[in-house]
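Residue numbers (my numbering), protein chains in the order written: chain A, 335 to 720; chain B, 335 to 720.
All clues given are correct.
Note that the list lumps identical chains together, so a pair holds whenever it fits in one copy or between two copies.
DSSO-like mimics (lysine-lysine), calculated; alpha carbons at most 30 angstroms apart, straight line: (1) 682 <-> 410; (2) 394 <-> 425; (3) 633 <-> 614; (4) 410 <-> 390; (5) 620 <-> 394; (6) 529 <-> 558; (7) 709 <-> 390.
Simulated from the structure, these hints should not be mistaken for lab results.
Protein chains: 2
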Amino acid sequence: MSFSNFAKRINLLNENVVDLVLQKAGSEPNVISLAGGTPPFPIPDQTWNELVAKAKDNPKYSQYSHDVLGDPDLRKLVASDLIKELGYSVKPEEILITVGSSSALFSCFLTFINPGDEVIFFSPGYPGNIAQIILAGGRIKYVNLHEEKEWDMDFELINQAINDRTKLIIFSEPSNPTGRVFSLETKSQLLKIAKKKNLIIIADETYRSLVYKDTIFKSTMTLKNAKQTSILIRSFSKDFSMSGFRLGYIYARKDFIQKLEAVHIAMNICPPTISQELAKLMFLQKGKAYKGYANGYDKRREIMCERLDRLNKFFNYFRPMGGFSIFVKYHKKMNSMNFFEYLLRKVKVAVMPGIAFGPGGEGHFRITFAASIEKINKAFDRIEKL
Amino acid sequence: MSFSNFAKRINLLNENVVDLVLQKAGSEPNVISLAGGTPPFPIPDQTWNELVAKAKDNPKYSQYSHDVLGDPDLRKLVASDLIKELGYSVKPEEILITVGSSSALFSCFLTFINPGDEVIFFSPGYPGNIAQIILAGGRIKYVNLHEEKEWDMDFELINQAINDRTKLIIFSEPSNPTGRVFSLETKSQLLKIAKKKNLIIIADETYRSLVYKDTIFKSTMTLKNAKQTSILIRSFSKDFSMSGFRLGYIYARKDFIQKLEAVHIAMNICPPTISQELAKLMFLQKGKAYKGYANGYDKRREIMCERLDRLNKFFNYFRPMGGFSIFVKYHKKMNSMNFFEYLLRKVKVAVMPGIAFGPGGEGHFRITFAASIEKINKAFDRIEKL
Numbered sequence: 335m336s337f338s339n340f341a342k343r344i345n346l347l348n349e350n351v352v353d354l355v356l357q358k359a360g361s362e363p364n365v366i367s368l369a370g371g372t373p374p375f376p377i378p379d380q381t382w383n384e385l386v387a388k389a390k391d392n393p394k395y396s397q398y399s400h401d402v403l404g405d406p407d408l409r410k411l412v413a414s415d416l417i418k419e420l421g422y423s424v425k426p427e428e429i430l431i432t433v434g435s436s437s438a439l440f441s442c443f444l445t446f447i448n449p450g451d452e453v454i455f456f457s458p459g460y461p462g463n464i465a466q467i468i469l470a471g472g473r474i475k476y477v478n479l480h481e482e483k484e485w486d487m488d489f490e491l492i493n494q495a496i497n498d499r500t501k502l503i504i505f506s507e508p509s510n511p512t513g514r515v516f517s518l519e520t521k522s523q524l525l526k527i528a529k530k531k532n533l534i535i536i537a538d539e540t541y542r543s544l545v546y547k548d549t550i551f552k553s554t555m556t557l558k559n560a561k562q563t564s565i566l567i568r569s570f571s572k573d574f575s576m577s578g579f580r581l582g583y584i585y586a587r588k589d590f591i592q593k594l595e596a597v598h599i600a601m602n603i604c605p606p607t608i609s610q611e612l613a614k615l616m617f618l619q620k621g622k623a624y625k626g627y628a629n630g631y632d633k634r635r636e637i638m639c640e641r642l643d644r645l646n647k648f649f650n651y652f653r654p655m656g657g658f659s660i661f662v663k664y665h666k667k668m669n670s671m672n673f674f675e676y677l678l679r680k681v682k683v684a685v686m687p688g689i690a691f692g693p694g695g696e697g698h699f700r701i702t703f704a705a706s707i708e709k710i711n712k713a714f715d716r717i718e719k720l
Numbered sequence: 335m336s337f338s339n340f341a342k343r344i345n346l347l348n349e350n351v352v353d354l355v356l357q358k359a360g361s362e363p364n365v366i367s368l369a370g371g372t373p374p375f376p377i378p379d380q381t382w383n384e385l386v387a388k389a390k391d392n393p394k395y396s397q398y399s400h401d402v403l404g405d406p407d408l409r410k411l412v413a414s415d416l417i418k419e420l421g422y423s424v425k426p427e428e429i430l431i432t433v434g435s436s437s438a439l440f441s442c443f444l445t446f447i448n449p450g451d452e453v454i455f456f457s458p459g460y461p462g463n464i465a466q467i468i469l470a471g472g473r474i475k476y477v478n479l480h481e482e483k484e485w486d487m488d489f490e491l492i493n494q495a496i497n498d499r500t501k502l503i504i505f506s507e508p509s510n511p512t513g514r515v516f517s518l519e520t521k522s523q524l525l526k527i528a529k530k531k532n533l534i535i536i537a538d539e540t541y542r543s544l545v546y547k548d549t550i551f552k553s554t555m556t557l558k559n560a561k562q563t564s565i566l567i568r569s570f571s572k573d574f575s576m577s578g579f580r581l582g583y584i585y586a587r588k589d590f591i592q593k594l595e596a597v598h599i600a601m602n603i604c605p606p607t608i609s610q611e612l613a614k615l616m617f618l619q620k621g622k623a624y625k626g627y628a629n630g631y632d633k634r635r636e637i638m639c640e641r642l643d644r645l646n647k648f649f650n651y652f653r654p655m656g657g658f659s660i661f662v663k664y665h666k667k668m669n670s671m672n673f674f675e676y677l678l679r680k681v682k683v684a685v686m687p688g689i690a691f692g693p694g695g696e697g698h699f700r701i702t703f704a705a706s707i708e709k710i711n712k713a714f715d716r717i718e719k720l
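Given only the sequences and the hints, what does the whole structure look like? Please build it.
Here's what the structure looks like:
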């Protein structure tokens with residue numbers, strides 16, 4: 335007996351391209367997949383030892399976090415980190431620890447979107463937001479980024495896209511998939527528009543610890559008065575190479591945090607206790623961990639760029655300023671789903687089709703260098719045989 | 335600058351009584367709180383050792399679960415467990431591993447409720463559902479349980495409550511807060527109504543492993559054809575005493591699971607990898623773990639009942655058949671929020687006011703025996719001084 339009575343929001347969801355691609359890539363033998371991105375670095379041995387020494391015989395580790403906003407010590411660590419970075423007062427009660435940045439983002443959309451409200455989504459942009467916005471009842475207003483200007487924002491398009499139903503602007507920085515970091519001036523201009531039009535900016539800075547040399551990244555939140563109308567989303571996934579532990583956070587005005595908290599409790603009660611304990615340990619070793627990860631990715635980025643450069647008859651791209659993927663334009667005349675299938679069939683290499691990142695991603699693919707160097711080289715050895 | 339432009343669903347949320355009570359109880363010094371319930375047993379040492387031996391130097395543990403439905407081996411273990419229990423075929427692809435039963439329940443509401451749809455909620459019932467239903471756009475139709483019949487369902491009230499907007503029926507069993515287990519006949523009658531009226535039953539069996547002697551618990555899902563129109567929610571939190579690890583699951587028809595998966599991905603991407611690895615280890619030791627926990631709680635239940643019996647001039651209650659709390663009727667003439675404040679002020683003992691569980695809970699409080707025996711006795715020593 336088939337069932338046809340799902341909620342309307344479910345019927346509005348398109349096929350999840352990311353999930354489909356990862357499944358296809360995973361189900362074929364001998365495929366080298368650079369489609370998904372998850373940090374390749376294990377938790378350091380010493381950290382495991384410290385964590386388990388604390389956890390043993392301690393019922394706290396099997397219990398809910400006693401504070402649903404998140405472990406108070408962890409929020410203090412985050413706050414003091416933000417104070418150094420942003421240069422103004424940040425209070426622990428302005429921070430909500432979440433189950434990864436996903437539940438942070440989803441909580442934002444449920445907290446601010448009424449059915450029919452519109453969200454400015456820069457394309458190519460993070461695919462996860464698309465389903466989140468639709469499930470919250472929102473409509474996505476795709477605004478293409480300016481490829482010729484290394485995927486910078488185009489304010490003419492932004493102004494055209496805003497109307498009376500517009501409620502939010504969402505973007506990730508460093509951008510997934512392009513690796514773009516925006517200038518502070520650009521963000522200041524965006525903030526001015528947001529203030530004028532009474533919009534809230536959601537700055538998803540999941541990749542903020544992966545910014546490469548010669549690029550200066552300053553958070554949207556460093557802008558004067560940004561906090562009044564902006565929400566900062568961060569994740570421990572990339573900072574501490576712990577995406578499997580599902581831990582992120584929101585920094586925002588206290589009245590926003592109180593509503594976001596109510597939504598996040600309904601969704602997940604609280605983030606995992608062990609993940610919060612791990613994050614506290616990682617904070618203490620942060621200098622080391624950070625540098626190690628960033629250096630590791632930088633080397634991989636260089637290798638991948640060098641391999642792409644050899645293939646410049648077929649591909650072009652902008653060197654990412656941050657993140658761990660490259661958004662590549664292919665010259666072959668086929669759509670990005672077909673190009674994905676073509677690469678998979680011909681050389682058994684999986685990449686993420688550009689269309690997953692919205693209409694502005696068509697004609698491209700995302701390829702990630704969050705993988706072993708051996709795997710990256712093997713994938714390109716195959717691609718060169720095309 | 336105050337902000338007044340939250341989504342309407344946010345403004346419909348009432349104050350979260352549970353959160354408020356836990357915060358009040360936590361902020362006063364020397365309070366003994368039996369208001370919240372989280373398993374008091376630590377993860378066994380040996381399990382920690384095995385887990386960390388596997389995790390060390392293994393990047394898999396810091397990464398997303400490779401299968402967003404949940405670890406395939408864990409889903410196989412769950413499926414084979416369900417086959418034994420339910421007596422029919424259960425496939426791993428009919429199981430979705432979630433971030434606790436909370437995200438499982440929230441995913442269900444988002445998947446089936448259109449704005450204005452009604453959900454039958456038995457009161458007293460699990461408070462978490464109230465915010466979840468409202469955030470999904472639903473309306474709650476409270477149906478009081480029959481206190482004189484030991485909190486059994488009242489079919490006259492159920493039939494009166496159903497109308498054209500009714501979409502779902504939700505209940506927890508063993509019930510949080512009453513500890514009630516329903517007869518298979520009662521559930522069969524409910525299922526008949528659901529089928530006739532085209533409703534979906536969500537059977538939240540989070541406490542299913544905590545059922546005390548002399549009570550037989552058979553899942554709603556054991557009923558013939560239940561699966562066509564019912565969804566089973568389970569949790570590893572109580573089964574394996576690991577609520578802080580945030581792990582639960584949904585068992586349902588494959589077409590339901592596919593939609594629920596899309597929602598859960600948008601919400602959380604995947605459950606924590608380490609929690610899934612822990613659950614697999616706990617499955618292997620299950621016989622032992624289960625028995626240990628159930629016996630531990632049974633002893634605590636006996637002690638709490640005995641302490642309550644001594645105070646039968648002030649309180650009466652039904653001995654719970656399962657779960658780890660008792661839902662107590664107090665004779666004093668005041669509402670349950672005031673009674674909570676009164677107990678807190680007079681003897682520094684915190685309990686959960688009955689109104690948190692819907693209007694059918696007024697005049698009662700929930701007190702949990704998921705605590706050390708010493709703590710339980712200390713709390714009652716104080717209450718006796720009232």
